[in-house]
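Q: For chain B, the structure is supplied; the task is to place chain R on it using the hints.
Chains as they are written, first to last, in my numbering: chain B, 1 to 77; chain R, 78 to 225.
I should point out that these hints are in silico values taken from the structure, not numbers from a laboratory. Backbone N, C-alpha and C fix where the C-beta goes; we use that ideal spot for every residue, glycine too. It is possible that some hints are incorrect.
Stated by the list, open to error - Among chain R residues calculated to face chain B with C-beta under 8 Å, some are:
# : residue
1 : G115
2 : M137
3 : F203
Unchecked claim - Once the Cα atoms are required to be at most 25 Å apart in a straight line, the calculated DSS-like pairs of lysine-lysine come out as:
#  : chain 1 : residue 1 : chain 2 : residue 2
4  : R       : K148      : B       : K4
5  : B       : K4        : R       : K140
6  : R       : K81       : R       : K140
7  : R       : K206      : R       : K140
8  : R       : K148      : R       : K81
9  : R       : K206      : R       : K81
10 : B       : K12       : R       : K148
Now for the letters of each chain:
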Amino acid sequence: MSIKVYYFASLKEHVGSSEHELDFIQSLTVTEVWLQANAELVLPRNTLAAINMEYVEWDSLVSDGDVVAFFPPVTGG
Amino acid sequence: MAIKIIDQPFDPYQELQLYQNSTLAHQGAIGATSIFIGTMRDFNQGSQVTGMSIEHYPGMTEKQLALCVEKAQGLWSILDSLIIHRVGTITPNEVIVLIAVWSSHRGDAFDATRYIMEALKSTVPFWKKECLETEAERWVMSNTSGYQ
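Bound-form chain B, shown alone (with noise of 0.2 Å):
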């Protein structure tokens, strides 16, 4: 399976990069995403997850040709 996340924000100057592609065998949830695209960083306080554009829980199972997104608090407007 493969999939793309994507970075924004402080959130990809913290990670160094606006976009990873990872492939995996079997079922991940966003949580274990994050673990596997950035094993070596922390996971900034408030950091909020989308899959295909919605909000998603950390606990989602994600498949194959998602698109997962990670960024900070959002403040537009």
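A: For chain R alone, coordinates are given in the frame of chain B:
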């Protein structure tokens, strides 16, 4: 309903006029128009701010804005709405966001406008990075918690 994300300065009054003249449905039923315009301040959290850049998540931004409007439509009677939000580089006094809601009655228009604005600030994936007078840059790290 219209949602626009733009990377250039815009005149909110001109946009409203254009929308009212060309797109607005339900003309005869409208009894109230409520408008919120947010502009960039030159100060924040005790610092002078000389500019900012706004990043967003294309696609999810529009999806979440549509969801804000959909939720407002479930709570109040709305005839139409227009949302425009800036991204990219912005300087003080420029407009960041325009929200307009048309309804038959003022209560619905007022409340829905405020709801959409508060929902935008707490759920729509925009992020501000400020340029300070000292030439340092900093991400704005927190926002308000939504409509209350």
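Q: With reference to the structure, classify each hint as holding or not holding.
A: Each hint tested on the structure:
1. G115: holds, 6 Å
2. M137: It holds, given that the least Cβ distance between M137 (chain R) and chain B is near 4 Å, below 8 Å.
3. F203: holds, 3 Å
4. R:K148 - B:K4: violated, 29 Å
5. B:K4 - R:K140: holds, 19 Å
6. R:K81 - R:K140: Holds: K81 (chain R) and K140 (chain R) sit about 12 Å apart, inside 25 Å.
7. R:K206 - R:K140: holds, 23 Å
8. R:K148 - R:K81: Within the cut-off at roughly 18 Å; holds.
9. R:K206 - R:K81: With Cα atoms ~21 Å apart, K206 (chain R) and K81 (chain R) stay inside 25 Å; holds.
10. B:K12 - R:K148: violated, 30 Å
Of the numbered hints given earlier, the model fails hints 4 and 10; all others are met.
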